[in-house]
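> Using the sequences plus the hints, can you model the full thing?
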Amino acid sequence: MNHAEDSLSEFHRTLRESAVWPFWEVCDDVMMSEPCAPDAPRIWRWKDLLPFIDRAGREVSMENAERRALMLVNPDFGGKSFTTTNLFAGIQILEPGEAAVSHRHTASAMRFVVEGGGITVVNGQPCPMEPGDLILTPNWAWHEHSNPTDRRVVWLDALDIPLAQNLGPMFMEHGGTNRVEDDLSALPDRAFAAGGYMPDIAAPATRHSPMFRYPWTQTVAALNAVPVAPDGARRVRYTNPVDGGPVIRSMDCYAWELAEGQETRPARTTSNAIVTVVEGEGRSAIGEETIQWAEHDVFTVPHWNWTSHIAVSRTARLFVYTDREVLRLFDFLRDEYRG
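Residue numbering for the sequence shown follows my numbering, starting at 1 and increasing by one per position.
Worth flagging that the hints you see were computed from the coordinates, not collected in a lab. Glycine included, every Cβ here is placed at the ideal spot set by N, Cα and C. Worth double-checking, as some hints may not be accurate.
[Unchecked claim] Capping the alpha-carbon separation at 20 Å, the derived lysine to any residue pairs in SDA-like fashion look like this:
no., residue 1, residue 2
1, Lys80, Ala69
2, Lys80, Asp157
3, Lys80, Gln165
4, Lys47, Gly116
5, Lys47, Val121
[Claimed, not checked] Pair by pair, the computed Cβ-Cβ distance ranges are:
no., residue 1, residue 2, range
6, Ala191, Glu59, 40 to 46 Å
7, Gln262, Asp29, 36 to 42 Å
8, Pro35, Gln262, 25 to 31 Å
9, Thr177, Pro75, 35 to 41 Å
10, Thr290, Asp200, 50 to 56 Å
11, Phe332, Gly196, 16 to 22 Å
12, Cys27, Asp6, 19 to 25 Å
13, Leu167, Arg265, 29 to 35 Å
14, Leu329, Ser33, 19 to 25 Å
15, Asp331, Thr149, 44 to 50 Å
16, Thr149, Ala191, 25 to 31 Å
17, Trp24, Val60, 51 to 57 Å
18, Asp150, Leu329, 40 to 46 Å
Structure below.
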């Protein structure tokens, strides 16, 4: 090493000791030619989760738990409560006769019911929970859960916790009054049930869908009604009936129905997705990995991986939630397709 190189090396050390980095040394890492997700695709198989669900139901009392939830944490994020970039998934359990107390938080949440039934109350509105139903608990909405049935209820928790944690404004309140708000969400969901029609009343709009429950029966009816795409799949988007946008600003949701033996069109996107298998079996090619999946499995699709899916059963239905609208807001969303 000559004198000039030695001097430059010493300069770099001095900079770093002062919390100043030489951009010319890290330019390729900071300004990458294309995105590189920090996490690999990961799957949580229902058959592996069931023993944990059973044990949590037996051994964890609701007296000692704000929520009896199993967090699906991807180790690629170094211990943070992330399932993939910007998105989180968990499995929540209520045994017969149990209840989870009212609270609210900055992070928006959704519940996709896997088994059993119960009731979620959102801002004073009771929402029945049946398998396949999507229940919204938007940002800062009071919500509580109960199971008045004789069998346990299990649902997928879908939250934007990583996004809220990265941005910093995480707040939570416990035990407040779960009251009806003075806006469109005060109307029952059936007021928005007919496509193409809106209640003609004077009420403040909401920043999220005023519908808190999207029944699976209606989702299946919508899937049956849409035309089949060239790749054999049927796809519908869960929307806010007021503006046609996402049900929650930070999480855009879809239901897919795949045809047996027909691969979906390969695509990659700067958005991230978490998928739960509602019905059927199949496999997904995500980047360099191939994931085999079955009913109730949960898997991630990290951004900028070429991805395609195929059903190996007669049909397969998937629930997909993404951070597409977050990326779109900042003009960061990019989609590419093959074929």
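> If a hint holds in the structure, say so; if it does not, say that too.
Going down the list of hints, with the structure as the test:
1. Lys80 <-> Ala69: Within the cut-off at roughly 16 Å; holds.
2. Lys80 <-> Asp157: 17 Å, holds
3. Lys80 <-> Gln165: This hinted pair holds, its Cα atoms lying about 10 Å apart.
4. Lys47 <-> Gly116: Given pair Lys47, Gly116 holds - Cα atoms ~17 Å apart, limit 20 Å.
5. Lys47 <-> Val121: 30 Å, violated
6. Ala191 <-> Glu59: 40 to 46 Å: 43 Å, holds
7. Gln262 <-> Asp29: 36 to 42 Å: 40 Å, holds
8. Pro35 <-> Gln262: 25 to 31 Å: 28 Å, holds
9. Thr177 <-> Pro75: 35 to 41 Å: The hint (35 to 41 Å, Cβ to Cβ) holds, given that Thr177 and Pro75 are roughly 39 Å apart.
10. Thr290 <-> Asp200: 50 to 56 Å: 51 Å, holds
11. Phe332 <-> Gly196: 16 to 22 Å: 32 Å, violated
12. Cys27 <-> Asp6: 19 to 25 Å: The hinted range 19 to 25 Å holds for Cys27 and Asp6, with Cβ atoms some 22 Å apart.
13. Leu167 <-> Arg265: 29 to 35 Å: Holds, at about 33 Å.
14. Leu329 <-> Ser33: 19 to 25 Å: 24 Å, holds
15. Asp331 <-> Thr149: 44 to 50 Å: 46 Å, holds
16. Thr149 <-> Ala191: 25 to 31 Å: Since the Cβ atoms of Thr149 and Ala191 sit about 27 Å apart, the hinted range of 25 to 31 Å holds.
17. Trp24 <-> Val60: 51 to 57 Å: 53 Å, holds
18. Asp150 <-> Leu329: 40 to 46 Å: Given about 45 Å between the Cβ atoms, the range holds.
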